[in-house]
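One-letter residues, chain by chain:
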Amino acid sequence: MKRIILLLLISPVAVLAQDDLLGELEKGTKPEVDYAFATFKGTRLGNGHTVETKNAGSLEFIFQHRFGAVSGGAYELFGLDQADVRLGLDYGITDNLSVSISRNSVDKTMDGYLKYKALRQSSGAKNFPVTITALAGMAYKLSPEDFEEDSGLENKDRLSYTGQLLIARKFSTNFSFQLMPTFIHKNLVEYNEENDQFALGFGGRIKLTKSVALTGEYYHNFSLPDNDTAYDSFYMRYNSLTFGIDIETGGHVFQLLMTNAIGLTERAFITETRDDFFSGDIHLGFNVTRTFQLKKSK
Amino acid sequence: MILYKKTLVVAFLFISTHSYSQQRFFAEKAVVSFFSDAVVEDISATNEKVTSIFDVLNGEVAYLMSIKDFQFPNKLMQVHFNEKYMESEKYPKSSFQGKITGFSMNTTGQQNVKATGKLTIHGVTKTIEVPGTVEVNGNRLTVKSKFMVKLLDYNIKVPQIVWQNIAQQVEVTMDFVYRPL
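First to last, the sequence lines map onto chains A and B. Residue 52 in the working numbering sits at position 52 of the first sequence, with consecutive numbering throughout. Residue 157 in the working numbering sits at position 157 of the second sequence, with consecutive numbering throughout.
Hints listed in this document are in silico derivations from the structure and should not be mistaken for laboratory results. We put the beta carbon where it would ideally sit given N, CA and C, even for glycine. Some clues are possibly wrong.
Mimicking BS3-like on lysine-lysine, the simulated pairs with C-alpha atoms at most 30 Å apart in a straight line are [as the list claims (entries may be wrong)]:
1. A:126 with B:146
2. A:108 with B:84
3. B:84 with A:126
4. A:296 with B:99
5. B:146 with A:27
Partial pick of chain A residues on the chain B-facing surface, computed with a CB cut under 10 Å [as the list claims (entries may be wrong)]:
6. 34
7. 93
8. 226
9. 250
Simulated coverage check for chain A against chain B, where a stretch passes if three residues somewhere in it have a Cβ under 8 Å from a Cβ of chain B [claimed, not checked]:
10. 21 to 30
11. 290 to 296
Next comes chain B alone, as it looks inside the complex:
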């Protein structure tokens, strides 16, 4: 009898999970940019070709982007970024996979949330925990986050001779707008 009950519970869980598995939101706009203020010149770049999925039921989230899609105001910097620092021929992608916790789909206004998961840059994967915000707006979901990335954590080496040109850490900004599939 106890087993029977358990079976029912499990069956119920399965059904509910199944029915909510459509609660996947896809990013219609996903922009990742970074900024580093250095002694000689500030460096900034924006990637507008990021793809992302957000499962609002369990909070799971993932994004994926090509390093080559980062656009710099200064094209020579873009070449150096790809060739010397990110080695994008060897490590073409950067991704994040993790979970967003601390939000409710029934709350309006900006909610402060936390994202934990695995961030992969330059072939190196690190577990990170970063703050962010979620805002529910009808069936649109806006997720924003801003955090620092230390270059050395991801084995990104800046040649000595240009060290003063590039800061050892950069500020990454994410601005994603999701809608259901």
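Excised from the complex, chain A in its bound form:
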């Protein structure tokens, strides 16, 4: 009998001793909003953008290079004899708003854009399935240097505009997918082109290791002219397709690419790609970025 009393008395002590402080802390943790991060390694998927913007106070220098077509053969060193470049600067005004300015060798184009991350994929206390970034861009062709007299052309004819939504979901640590509905307006077009063009892009990445990922990007332009009616190959238009490998090392991201587009503004690679990926007009290229933290966050 006394033993039983003893046991009864001991048991609450035993329960107290088991009381787990860490378990208590875990119970007390309020569910937080868990934002998806690093949906993509960089601000570029291939030729076009990802949902990623620069962080507040950080400046990215981006150097993009597209060689000639591999189909040029040994005489052209498989395209390596020639190259088009884009040099750009992207700056994060806030964590969600970036501004950029750049220079492209194709058509001697200056371009600039504002990129705003409007909604972020999240789980936990707040659930939202995708990250949505809006992009508004403008491109100004400096070429030709002067319009021919009597051509009737004005400065505004050098301009084109891009409006784009980037919608991405990070399905897992290793797989992200993105949709890119895009609208492009060109003030001046060739005889067989439309001024307003609509395209839908899609693409994604598969991470192979923590620092290496495979990427793919395709833009389908619904407003492309019919190539059968083109006078010659200059007026031919194709959709742009890009495959790449992303390699990240510290503040650098290297992207090695295979694409049929050489221009690096939306105008150029979505509406003016003249090479056909599937007949071998593939260009090697790379994007290299370096990020500098200009302003430290507290």
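Using the hints, position chain B against chain A.
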């Protein structure tokens, strides 16, 4: 009769334990930071959203934090820290559970103490013993500690290509202020 005595003793123990079980102190400020000095650039980050309980009767202590709450001066580093090194989507929390020994609630001034227990980082749990200090100030309790954590002990792999950017061990600093519930 002997049994009876034992019963009394046990009963007494129970009562005393019970009455002191309110001697739980909760952290009103709990900051964990780390620092690593590397060849290319020093890396530091601070987590101010740590939660902790300290039972001053038996010295038991625990803390818990989210890896994502570490704030870096350089945000790109923060992304890499979460994505590549800590894999915080897979291992969102870090915790410690153990005991602080060598202090008295009746002593004023800084007391040198020892903490032993289980430290969990990156899904790996290790038993550690680290030095620290406890200072009793009215009903406030300040607990501080500084110790080294070897990345490899916790299976945190730093890619070869950036090895010179990140030291193989980091100095962790804890600064907790507790008050009773």
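Going through the hints against the structure:
A distance of roughly 36 Å separates the Cα atoms of residue 126 (chain A) and residue 146 (chain B); the hinted pair therefore is violated under the 30 Å criterion. Between residue 108 (chain A) and residue 84 (chain B) the alpha-carbon distance is near 39 Å, which puts this suggested pair outside the 30 Å criterion. For the hint linking residue 84 (chain B) to residue 126 (chain A), the alpha-carbon distance of about 25 Å falls within 30 Å, and the restraint holds. Between the alpha carbons of residue 296 (chain A) and residue 99 (chain B) the distance comes to roughly 38 Å, so the proposed pair goes past 30 Å and is violated.
Restraint check for residue 146 (chain B) and residue 27 (chain A): satisfied, since their Cα atoms lie roughly 27 Å apart, inside the 30 Å limit. A cut of 10 Å between beta carbons decides the hint on residue 34 (chain A): the least distance to chain B is about 8 Å, and the hint holds. About 14 Å separates the beta-carbon of residue 93 (chain A) from the nearest beta-carbon of chain B, more than 10 Å, and the hint is not met. Interface hint at residue 226 (chain A): violated, since its Cβ lies 45 Å from the closest Cβ of chain B, which is beyond the 10 Å cut-off.
Because the closest C-beta pair between residue 250 (chain A) and chain B is about 5 Å apart, less than 10 Å, the hint holds. Counting residues of the stretch 21 to 30 of chain A whose beta-carbon sits less than 8 Å from any beta-carbon of chain B gives 7, enough to reach three: the coverage restraint holds. Counting residues of the stretch 290 to 296 of chain A whose beta carbon lies closer than 8 Å to any beta carbon of chain B gives 3, which meets the minimum of three for the stated coverage.
In terms of the numbered hints stated before, the structure departs from hints 1, 2, 4, 7 and 8, listed from lowest to highest.
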